[in-house]
Amino acid sequence: MAWTRDQMAKRAAQELRDGFYVNLGIGIPTLVSNYIPAGMNVQLQSENGMLGMGPFPYEGEEDPDLINAGKQTITELPTTSYFSSSDSFAMIRGGHIDLSILGAMQVAENGDLANWMIPGKMVKGMGGAMDLVAGVKKVVVVMEHSAKAKDGTVEPKLLNRCKLPLTGAAVVDMVITDLGVFAIDKHAGSGMTLIEIADGVTEEQIRAQTEADFKVALDGSRKAA
Amino acid sequence: MAWTRDQMAKRAAQELRDGFYVNLGIGIPTLVSNYIPAGMNVQLQSENGMLGMGPFPYEGEEDPDLINAGKQTITELPTTSYFSSSDSFAMIRGGHIDLSILGAMQVAENGDLANWMIPGKMVKGMGGAMDLVAGVKKVVVVMEHSAKAKDGTVEPKLLNRCKLPLTGAAVVDMVITDLGVFAIDKHAGSGMTLIEIADGVTEEQIRAQTEADFKVALDGSRKAA
Amino acid sequence: MKKVYPDARAALEGVLKDDMTIMAGGFGLCGIPDVLIEAIRDSGVKGLTIISNNAGIDGAGLGLLLETRQVRKMISSYVGENKLFAQQYLAGELEIEFNPQGTLAERIRAGGAGIPAFYTKTGYGTLIGEGKETRQFNGENYIMETGLFADLSVIHAWKGDTEGNLVYRKTARNFNPMMATAAKVTVAQVETIVEPGTIDPDHIITAGIFVKRMIHAPGAQKRIEQRTTRPRLAA
Amino acid sequence: MKKVYPDARAALEGVLKDDMTIMAGGFGLCGIPDVLIEAIRDSGVKGLTIISNNAGIDGAGLGLLLETRQVRKMISSYVGENKLFAQQYLAGELEIEFNPQGTLAERIRAGGAGIPAFYTKTGYGTLIGEGKETRQFNGENYIMETGLFADLSVIHAWKGDTEGNLVYRKTARNFNPMMATAAKVTVAQVETIVEPGTIDPDHIITAGIFVKRMIHAPGAQKRIEQRTTRPRLAA
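Quick note, the sequences are listed as chains L, A, B and E, same order.
Read in order, the letters of the first sequence are residues 63 to 287 in this note's numbering.
Read in order, the letters of the second sequence are residues 63 to 287 in this note's numbering.
Read in order, the letters of the third sequence are residues 107 to 341 in this note's numbering.
Read in order, the letters of the fourth sequence are residues 107 to 341 in this note's numbering.
Quick caveat, the hints were computed from the structure, so don't treat them as lab data.
Any given hint might turn out to be false.
[Stated by the list, open to error] Derived CB-CB ranges, DEER-like:
#1 B:197 to A:249: 57 to 63 Å
#2 L:251 to B:243: 15 to 21 Å
#3 E:201 to B:290: 40 to 46 Å
#4 A:249 to B:202: 32 to 38 Å
#5 A:249 to B:244: 36 to 42 Å
#6 A:222 to E:198: 33 to 39 Å
#7 L:251 to B:324: 40 to 46 Å
#8 L:117 to B:108: 42 to 48 Å
#9 L:117 to A:249: 53 to 59 Å
#10 A:102 to L:199: 48 to 54 Å
#11 B:244 to L:81: 22 to 28 Å
#12 E:123 to L:96: 37 to 43 Å
#13 L:67 to E:108: 30 to 36 Å
#14 B:324 to L:96: 35 to 41 Å
Note that the Cβ used here is the ideal one computed from N, Cα and C, for glycine as well.
Please model the complete structure; the sequences and the hints are all you need to start from.
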């Protein structure tokens, strides 16, 4: 059985470490905050100028001056600090954020990432995504393993090379899909390795939905990063 | 009669305008703050991270956390703000300070300034001087017109070209000495013009102590800048 | 030197002209200088290049200047929330230059700090890097980005004194402090104006030197773009 | 993640090694991490490259590390107040790299912000520009300067919470905030340590993310370099 969105988020949460400063993208990555282990100190950064992001406010307590990068109302915590956008991205660009978890449209076996534009469609802009993938120490992508085209055929999202314009070149360290987990050695350029398979899913099923070449190492030797 | 140090400072104060943000160097320039016209709002910047510098404290009220760029104890004003050294020099480098008044060892007719090192002598460092002359909108030098060598001969300080290593190339707009005032068109490179002479001093006396070539325009047409 | 003006129209008088470049603070609708934007709309000034992280939404923020077709070009990182924007862009009436958000923030900071250009990894190997100089430092690839400086910045602050010293509130700070430093004239709308000496000088984010004009704008019309809440636990 | 250490020796354990690069905050003797500097002296670590605006004075601040000849090189803007410095320099025992103060501040900020190089007018046409790349932007001349990043930064703050969020007092802020961002490990000595939530998050200057370790240092030994006063007017 493929993983649910929550199971994918839970798996992504295994990449958290005590004391980490983390930036979470919109969508499944946001769910990761529900799976921070009890007793583990993880501070969430919001690139619009906040460290120590709290949960959504109770109804009636929304503050127009307090939003996250998705423009949603949020709350502050005792650990919170605020800063300007230039200070926020100095923090990101300078490599001070330990982990970024974000969604993607396509990932290539060398770690290239595409998640900001589809040629021919209206382009909304990359926001902070290019800065995050270029600056954060470890980049984890969480996404559906493949897309379904209108005619019902499977369109792989893990590719030899991205077909869409890149958000970043050789920036992804790990991809968590509904079918399994892949590690990417973006620095050495030695490609992608399947390191975990969702319960009930077979390697063959994964290969059928994957264009990217990948090695397999399910013994856990590649698990920690 | 040549101007005294206080008369030189008073003349320099004529370059102040209402609403100006000003950085004053050590020595005679510091005296300029005594001649800010009543009712004129001038804020003094101290490059170690303060805008709105107040006078020295009363004895017993010195605060080790409150010093100026000369490391002297000072006080704050109602208008005061504090900031980091990078923010302070962003302010300076970005051209936000209206006027810098500082001392010099040599000034050349093209606006070159030397005031930070004498080869062969122990070098203390340039501090913020290079940043100030490169960044501030208008740079006024206040100095003795010439130096006396040990053998009693007069050594001009207004030169064709500076002999000492430069603090900045083509940076000085005006030089106020004990003998008179010179305007320098540093942008057009059209050289130095004597625009005022101290009472009782003659143009000939000035020429005798000046190596730099200069035009003369005492009609006030070059006075305002 | 009187920095406080009676209203937005007065504070913008003499600084608006067609085809000028204006920076506008805010992230989404948070911390935007809405009162000043309205006054820019009412002035009728045209052909504007606007530097702002977003383009407002339909009927609010910079969306107002799109309705009246006063904008020729946007320099932004994300314009997703604005249908009018999409229409005008697809009709070729509006130009857009996308900048990565952090690159945009740093370009503005550089413009205000007298730094004409700097290098960043952001965007290397992407469309954003095309046509830009690339360079290696310590074996890593970077692209060169240039500083931005505008004719006018309009910003929003929470509290300010009459000297122009400003503080911001929570995430309404965002692009406002850098923009304050990166224009020939900066006009601030401030929710509460106080006498100098009222704000602790250690807390001031924008020093008065950067603020040429200011108006009092109580902030009663602040809007929320995405109202998200959590349920209260039953007692 | 416990950031608060019992004393300076404990806070520096495991991060000191010979020939490392250390940034030290402060301007003159104002806002210097004096307790941490003493602990560096006591550790006996040698061959240090120190990045600091000044070199302390004889017997105080970084002067302590000169006495014990632990410093191989200083990167500073002004070292005027230190006789020992002059002696060791003239004897060829100490290397000095002078940086204009604003260039030094910006190089540190760049190092912390992931910017490997930037352009500045400061120093163009002087000895400081020699051997550096020059370049014109809009007809003006600039030189390229590079970012600085250290193995360790030692800084001084006025108040901090146990999360590492810091605030500074008056001109004791100076180089401390940038240095906090520009080293593999930043250790802060803090005059008052409080619980998270005590400091208004709008007032925090250094976010906790930058501070790996901190100690309580009450600041009783703060020194004044130039005691200047004015007379009280007779009543």
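Hint check results:
1. B:197 to A:249: 57 to 63 Å: violated (45 Å)
2. L:251 to B:243: 15 to 21 Å: Cβ of residue 251 (chain L) to Cβ of residue 243 (chain B): about 20 Å, so the range 15 to 21 Å holds.
3. E:201 to B:290: 40 to 46 Å: holds (43 Å)
4. A:249 to B:202: 32 to 38 Å: holds (36 Å)
5. A:249 to B:244: 36 to 42 Å: holds (38 Å)
6. A:222 to E:198: 33 to 39 Å: holds (36 Å)
7. L:251 to B:324: 40 to 46 Å: At 57 Å between Cβs, range violated.
8. L:117 to B:108: 42 to 48 Å: Given range 42 to 48 Å: holds, Cβ gap about 45 Å.
9. L:117 to A:249: 53 to 59 Å: Holds - the Cβ-Cβ distance for residue 117 (chain L) and residue 249 (chain A), about 57 Å, lies within 53 to 59 Å.
10. A:102 to L:199: 48 to 54 Å: This hint holds: roughly 53 Å between Cβ atoms.
11. B:244 to L:81: 22 to 28 Å: holds (27 Å)
12. E:123 to L:96: 37 to 43 Å: 42 Å Cβ-Cβ, so the 37 to 43 Å window holds.
13. L:67 to E:108: 30 to 36 Å: Distance hint for residue 67 (chain L), residue 108 (chain E) holds at roughly 35 Å.
14. B:324 to L:96: 35 to 41 Å: At 38 Å between Cβs, range holds.
In terms of the numbered hints stated before, the structure departs from hints 1 and 7, listed from lowest to highest.
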